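Participant: According to our numbering, the sequence shown is numbered sequentially starting from 289.
Please note that the accuracy of each hint is not assured.
Calculated cross-link-like contacts (lysine-lysine; reagent style PhoX-like; alpha-carbon spacing at most 25 Å) [claimed, not checked]:
no.	residue 1	residue 2
1	K300	K392
2	K387	K410
3	K387	K296
4	K392	K301
5	K387	K301
6	K392	K482
7	K482	K358
8	K387	K486
Pair ranges (Cβ atoms, derived) [to be verified]:
no.	residue 1	residue 2	range
9	A439	V490	33 to 41 Å
10	R423	G462	28 to 36 Å
11	E369	H347	40 to 48 Å
12	D470	E435	18 to 26 Å
Since the hints were made in silico from the structure, they are not lab data.
Being a predicted model, the structure only gives us computed values, none of them experimental.
For each residue, glycine too, the CB sits at the ideal point set by N, CA and C.
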Amino acid sequence: MKKQENCKLIRKKEIAEGIFDFTIASDDIARETQCGQFLHINCGESTFLRRPISICDAHNGEVRFIFEVKGEGTKALAKKEIGDYIDVMGPLGHGFEIKPSVTKPIIIGGGIGVFPLYKLAKDLGNNATVFLGFRNQSRVVMENEFEAASALTIVGTDDGSYGYNGYIAAAMEGYLRMNDCDMIYSCGPMPMLKAVKKIAEVRDIPCQLSLEQRMGCGIGACLVCSCETNKEGTDRYAKVCTNGPVFYSEEVTLND
(Lines of atoms letter the chains of each structure in order from A; the text may use other names.)
(Lines give C-alpha, C1' and ligand atoms only; values in the text may rest on other atoms or scores of the structure.)
Protein backbone atom coordinates (compact mmCIF):
# COMPACT_ATOMS: atom_id res chain seq x y z
CA MET A 289 0.00 0.00 0.00
CA LYS A 290 1.27 3.45 -0.90
CA LYS A 291 2.24 5.58 2.05
CA GLN A 292 0.53 8.74 3.16
CA GLU A 293 2.54 11.93 2.73
CA ASN A 294 2.03 15.59 3.66
CA CYS A 295 3.03 17.51 0.55
CA LYS A 296 3.65 21.23 0.26
CA LEU A 297 1.54 23.14 -2.26
CA ILE A 298 4.02 25.05 -4.40
CA ARG A 299 1.83 26.34 -7.26
CA LYS A 300 -1.86 27.16 -7.54
CA LYS A 301 -3.91 28.67 -10.36
CA GLU A 302 -7.59 28.84 -11.24
CA ILE A 303 -7.47 28.03 -14.97
CA ALA A 304 -11.24 28.29 -15.54
CA GLU A 305 -14.14 29.12 -13.27
CA GLY A 306 -14.07 26.52 -10.49
CA ILE A 307 -11.17 24.55 -12.01
CA PHE A 308 -7.93 24.63 -10.02
CA ASP A 309 -4.42 23.64 -11.12
CA PHE A 310 -2.28 22.53 -8.14
CA THR A 311 1.36 21.44 -7.99
CA ILE A 312 2.73 19.78 -4.87
CA ALA A 313 6.27 18.80 -3.96
CA SER A 314 7.03 15.08 -3.55
CA ASP A 315 10.16 13.32 -4.75
CA ASP A 316 8.69 9.86 -4.09
CA ILE A 317 5.36 10.36 -5.84
CA ALA A 318 6.95 12.14 -8.81
CA ARG A 319 9.47 9.35 -9.24
CA GLU A 320 6.91 6.52 -9.01
CA THR A 321 4.01 7.99 -10.99
CA GLN A 322 2.90 6.34 -14.23
CA CYS A 323 0.48 8.09 -16.58
CA GLY A 324 -3.14 7.42 -15.65
CA GLN A 325 -2.61 6.93 -11.92
CA PHE A 326 -4.29 9.05 -9.25
CA LEU A 327 -3.90 10.58 -5.79
CA HIS A 328 -6.25 10.01 -2.85
CA ILE A 329 -6.43 13.37 -1.10
CA ASN A 330 -7.60 14.45 2.34
CA CYS A 331 -9.38 17.70 1.51
CA GLY A 332 -9.73 18.90 5.09
CA GLU A 333 -11.26 18.27 8.48
CA SER A 334 -14.79 19.01 7.22
CA THR A 335 -14.72 15.98 4.88
CA PHE A 336 -14.63 12.38 6.07
CA LEU A 337 -13.55 10.55 2.92
CA ARG A 338 -10.54 11.31 0.77
CA ARG A 339 -11.14 12.39 -2.84
CA PRO A 340 -9.56 10.59 -5.81
CA ILE A 341 -7.96 13.08 -8.20
CA SER A 342 -6.02 12.08 -11.30
CA ILE A 343 -2.38 12.99 -11.69
CA CYS A 344 -1.91 15.40 -14.58
CA ASP A 345 1.90 15.41 -14.63
CA ALA A 346 4.85 14.38 -12.48
CA HIS A 347 8.55 15.13 -12.86
CA ASN A 348 11.56 16.56 -11.01
CA GLY A 349 10.02 16.19 -7.57
CA GLU A 350 6.77 17.93 -8.55
CA VAL A 351 3.30 16.43 -8.95
CA ARG A 352 0.54 18.31 -10.73
CA PHE A 353 -3.18 17.65 -10.43
CA ILE A 354 -6.19 19.60 -11.68
CA PHE A 355 -9.70 19.38 -10.27
CA GLU A 356 -13.11 20.98 -10.55
CA VAL A 357 -14.97 22.15 -7.47
CA LYS A 358 -18.07 19.94 -7.28
CA GLY A 359 -18.80 19.39 -3.59
CA GLU A 360 -17.68 20.17 -0.07
CA GLY A 361 -14.44 18.22 -0.38
CA THR A 362 -13.12 19.90 -3.51
CA LYS A 363 -14.47 23.25 -2.25
CA ALA A 364 -12.30 22.89 0.86
CA LEU A 365 -9.31 21.75 -1.18
CA ALA A 366 -9.59 24.80 -3.45
CA LYS A 367 -9.11 27.04 -0.39
CA LYS A 368 -5.59 25.72 0.16
CA GLU A 369 -2.92 28.32 -0.44
CA ILE A 370 0.70 28.12 -1.58
CA GLY A 371 2.80 26.96 1.35
CA ASP A 372 0.02 24.85 2.88
CA TYR A 373 0.46 21.11 3.26
CA ILE A 374 -1.91 18.57 1.70
CA ASP A 375 -2.38 15.02 3.02
CA VAL A 376 -1.92 12.74 0.00
CA MET A 377 -1.78 8.99 -0.73
CA GLY A 378 -0.32 7.88 -4.02
CA PRO A 379 0.38 7.21 -6.72
CA LEU A 380 -2.52 4.73 -6.79
CA GLY A 381 -4.14 2.56 -9.42
CA HIS A 382 -3.25 0.88 -12.67
CA GLY A 383 -2.46 3.41 -15.40
CA PHE A 384 -2.21 3.41 -19.18
CA GLU A 385 -0.10 0.82 -20.97
CA ILE A 386 2.27 2.27 -23.54
CA LYS A 387 3.36 -0.36 -26.04
CA PRO A 388 6.50 0.28 -28.12
CA SER A 389 4.70 -1.22 -31.12
CA VAL A 390 2.08 1.55 -31.11
CA THR A 391 3.00 4.23 -33.67
CA LYS A 392 -0.32 5.94 -34.46
CA PRO A 393 -2.12 6.50 -31.15
CA ILE A 394 -5.16 8.64 -30.51
CA ILE A 395 -5.89 10.32 -27.19
CA ILE A 396 -9.45 11.50 -26.58
CA GLY A 397 -10.68 13.27 -23.47
CA GLY A 398 -13.78 15.08 -22.37
CA GLY A 399 -14.22 17.75 -19.69
CA ILE A 400 -12.18 17.08 -16.56
CA GLY A 401 -11.18 13.78 -18.18
CA VAL A 402 -8.54 15.59 -20.23
CA PHE A 403 -6.31 16.16 -17.19
CA PRO A 404 -4.95 12.61 -16.66
CA LEU A 405 -4.19 12.41 -20.39
CA TYR A 406 -1.51 15.11 -20.42
CA LYS A 407 1.32 13.02 -18.97
CA LEU A 408 0.28 10.25 -21.36
CA ALA A 409 0.64 12.62 -24.32
CA LYS A 410 4.11 13.61 -23.11
CA ASP A 411 5.14 9.99 -22.51
CA LEU A 412 4.05 9.06 -26.05
CA GLY A 413 6.69 11.49 -27.31
CA ASN A 414 4.85 13.94 -29.57
CA ASN A 415 3.39 10.96 -31.39
CA ALA A 416 -0.34 11.15 -30.64
CA THR A 417 -3.32 12.77 -32.28
CA VAL A 418 -5.31 14.36 -29.46
CA PHE A 419 -9.04 15.13 -29.31
CA LEU A 420 -10.29 17.33 -26.45
CA GLY A 421 -13.99 17.96 -25.90
CA PHE A 422 -15.60 20.59 -23.66
CA ARG A 423 -19.11 21.93 -23.01
CA ASN A 424 -18.32 25.42 -24.33
CA GLN A 425 -15.45 27.82 -24.96
CA SER A 426 -15.27 28.99 -21.35
CA ARG A 427 -14.34 25.45 -20.26
CA VAL A 428 -11.52 24.93 -22.78
CA VAL A 429 -8.25 24.39 -20.92
CA MET A 430 -4.74 23.04 -21.62
CA GLU A 431 -5.07 23.36 -25.40
CA ASN A 432 -1.60 24.89 -25.81
CA GLU A 433 0.03 22.30 -23.58
CA PHE A 434 -1.47 19.40 -25.51
CA GLU A 435 -0.48 21.02 -28.80
CA ALA A 436 3.14 21.15 -27.60
CA ALA A 437 3.04 17.52 -26.46
CA SER A 438 1.29 15.93 -29.47
CA ALA A 439 1.50 15.61 -33.24
CA LEU A 440 -1.98 17.13 -33.71
CA THR A 441 -4.56 18.49 -31.28
CA ILE A 442 -8.23 18.95 -32.19
CA VAL A 443 -10.52 20.79 -29.77
CA GLY A 444 -14.30 20.72 -29.91
CA THR A 445 -17.23 22.09 -27.95
CA ASP A 446 -20.69 20.63 -27.53
CA ASP A 447 -22.34 23.96 -28.38
CA GLY A 448 -20.00 24.88 -31.25
CA SER A 449 -18.68 28.00 -29.53
CA TYR A 450 -15.07 26.95 -30.18
CA GLY A 451 -13.35 24.48 -32.49
CA TYR A 452 -15.20 21.43 -33.76
CA ASN A 453 -18.97 21.82 -33.43
CA GLY A 454 -20.37 18.79 -31.63
CA TYR A 455 -19.38 15.80 -29.53
CA ILE A 456 -15.67 15.09 -29.70
CA ALA A 457 -16.19 11.34 -30.31
CA ALA A 458 -17.82 12.28 -33.62
CA ALA A 459 -14.74 14.32 -34.53
CA MET A 460 -12.55 11.29 -33.83
CA GLU A 461 -14.83 9.05 -35.88
CA GLY A 462 -14.52 11.41 -38.85
CA TYR A 463 -10.73 11.43 -38.48
CA LEU A 464 -10.64 7.63 -38.49
CA ARG A 465 -12.40 7.48 -41.87
CA MET A 466 -9.23 8.87 -43.45
CA ASN A 467 -6.45 8.01 -41.01
CA ASP A 468 -5.00 4.90 -39.38
CA CYS A 469 -4.81 4.30 -35.64
CA ASP A 470 -3.36 1.41 -33.65
CA MET A 471 -4.40 2.43 -30.09
CA ILE A 472 -7.01 4.70 -28.55
CA TYR A 473 -6.62 6.11 -25.04
CA SER A 474 -9.61 7.83 -23.44
CA CYS A 475 -10.92 9.45 -20.26
CA GLY A 476 -14.09 11.43 -19.75
CA PRO A 477 -17.81 11.24 -19.02
CA MET A 478 -19.60 7.93 -19.46
CA PRO A 479 -21.54 8.84 -22.65
CA MET A 480 -18.26 9.75 -24.35
CA LEU A 481 -16.54 6.57 -23.16
CA LYS A 482 -19.43 4.48 -24.50
CA ALA A 483 -19.14 6.18 -27.88
CA VAL A 484 -15.36 5.75 -27.97
CA LYS A 485 -15.65 2.07 -27.00
CA LYS A 486 -18.15 1.42 -29.80
CA ILE A 487 -16.09 3.27 -32.42
CA ALA A 488 -12.93 1.40 -31.43
CA GLU A 489 -14.51 -2.03 -31.35
CA VAL A 490 -16.31 -1.60 -34.69
CA ARG A 491 -12.92 -0.80 -36.24
CA ASP A 492 -11.04 -3.44 -34.24
CA ILE A 493 -8.74 -0.83 -32.69
CA PRO A 494 -7.35 -1.61 -29.21
CA CYS A 495 -8.71 0.91 -26.73
CA GLN A 496 -7.85 1.80 -23.14
CA LEU A 497 -10.44 3.60 -21.02
CA SER A 498 -9.85 5.43 -17.75
CA LEU A 499 -13.01 5.22 -15.65
CA GLU A 500 -14.19 7.97 -13.34
CA GLN A 501 -15.79 6.41 -10.25
CA ARG A 502 -16.72 7.36 -6.71
CA MET A 503 -14.27 5.86 -4.22
CA GLY A 504 -14.10 5.24 -0.50
CA CYS A 505 -10.75 3.85 0.60
CA GLY A 506 -8.87 4.05 -2.71
CA ILE A 507 -6.90 0.88 -1.91
CA GLY A 508 -9.35 -1.90 -2.76
CA ALA A 509 -10.82 -2.64 0.67
CA CYS A 510 -14.28 -1.05 0.61
CA LEU A 511 -15.67 -2.13 -2.82
CA VAL A 512 -17.41 1.25 -3.35
CA CYS A 513 -15.80 1.71 -6.78
CA SER A 514 -16.63 -1.70 -8.27
CA CYS A 515 -17.33 -1.81 -12.01
CA GLU A 516 -18.83 -4.58 -14.12
CA THR A 517 -16.51 -6.58 -16.35
CA ASN A 518 -17.17 -9.19 -19.01
CA LYS A 519 -15.95 -12.00 -16.76
CA GLU A 520 -18.28 -14.49 -15.11
CA GLY A 521 -18.98 -15.51 -11.52
CA THR A 522 -17.00 -14.06 -8.66
CA ASP A 523 -14.67 -12.28 -11.09
CA ARG A 524 -17.49 -10.32 -12.73
CA TYR A 525 -16.75 -7.11 -10.83
CA ALA A 526 -13.42 -5.29 -10.63
CA LYS A 527 -12.21 -2.49 -8.38
CA VAL A 528 -11.58 0.74 -10.25
CA CYS A 529 -9.12 1.94 -7.59
CA THR A 530 -6.76 -1.05 -7.85
CA ASN A 531 -7.65 -3.01 -11.02
CA GLY A 532 -8.11 0.32 -12.81
CA PRO A 533 -8.82 3.11 -13.30
CA VAL A 534 -7.56 2.10 -16.76
CA PHE A 535 -9.07 -0.95 -18.47
CA TYR A 536 -9.07 -2.21 -22.04
CA SER A 537 -12.48 -1.52 -23.56
CA GLU A 538 -13.30 -5.18 -24.15
CA GLU A 539 -12.82 -5.91 -20.45
CA VAL A 540 -15.57 -3.68 -19.08
CA THR A 541 -19.31 -3.22 -19.38
CA LEU A 542 -20.04 0.51 -19.22
CA ASN A 543 -23.12 1.31 -17.16
CA ASP A 544 -24.53 4.74 -16.32
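Participant: Do the beta carbons of R423 and G462 sit within 28 to 36 Å of each other?
Facilitator: With Cβ atoms ~20 Å apart, the hint is violated.
Participant: Taking the Cβ atom of D470 and the Cβ atom of E435, is their distance within the range 18 to 26 Å?
Facilitator: At 22 Å between Cβs, range holds.
Participant: For the pair supplied as a hint, K392 and K482, confirm whether the alpha-carbon distance does not exceed 25 Å.
Facilitator: holds (22 Å)
Participant: Check the hint pairing K387 with K301 against an upper bound of 25 Å on the C-alpha distance.
Facilitator: Not satisfied, since the Cα-Cα distance of roughly 34 Å exceeds 25 Å.
Participant: Is K387 close enough to K486, meaning Cα to Cα at most 25 Å?
Facilitator: holds (22 Å)
Participant: Starting from K387, check that the Cα of K296 is at most 25 Å away, please.
Facilitator: violated (34 Å)
Participant: Does the structure keep K300 and K392 at a Cα separation of 25 Å or less?
Facilitator: Violated, at about 34 Å.
Participant: Quick one, are K392 and K301 close enough, alpha carbons at most 25 Å?
Facilitator: Roughly 33 Å separates the two Cα atoms, so the pair is violated.
Participant: Cβ-Cβ distance between A439 and V490: within 33 to 41 Å?
Facilitator: violated (24 Å)
Participant: Falls inside 40 to 48 Å, the C-beta gap from E369 to H347?
Facilitator: With a Cβ separation near 23 Å, E369 and H347 fall outside 40 to 48 Å, so the hint is violated.
Participant: So if I understand the rule, the pair passes when the alpha-carbon distance is 25 Å or less; does K387 with K410 pass?
Facilitator: OK: K387 and K410 at ~14 Å, within 25 Å.
Participant: Going straight from one Cα to the other, do K482 and K358 come out at no more than 25 Å?
Facilitator: holds (23 Å)
The structure fails to meet hints 1, 3, 4, 5, 9, 10 and 11 from the earlier list, while all remaining hints are met.
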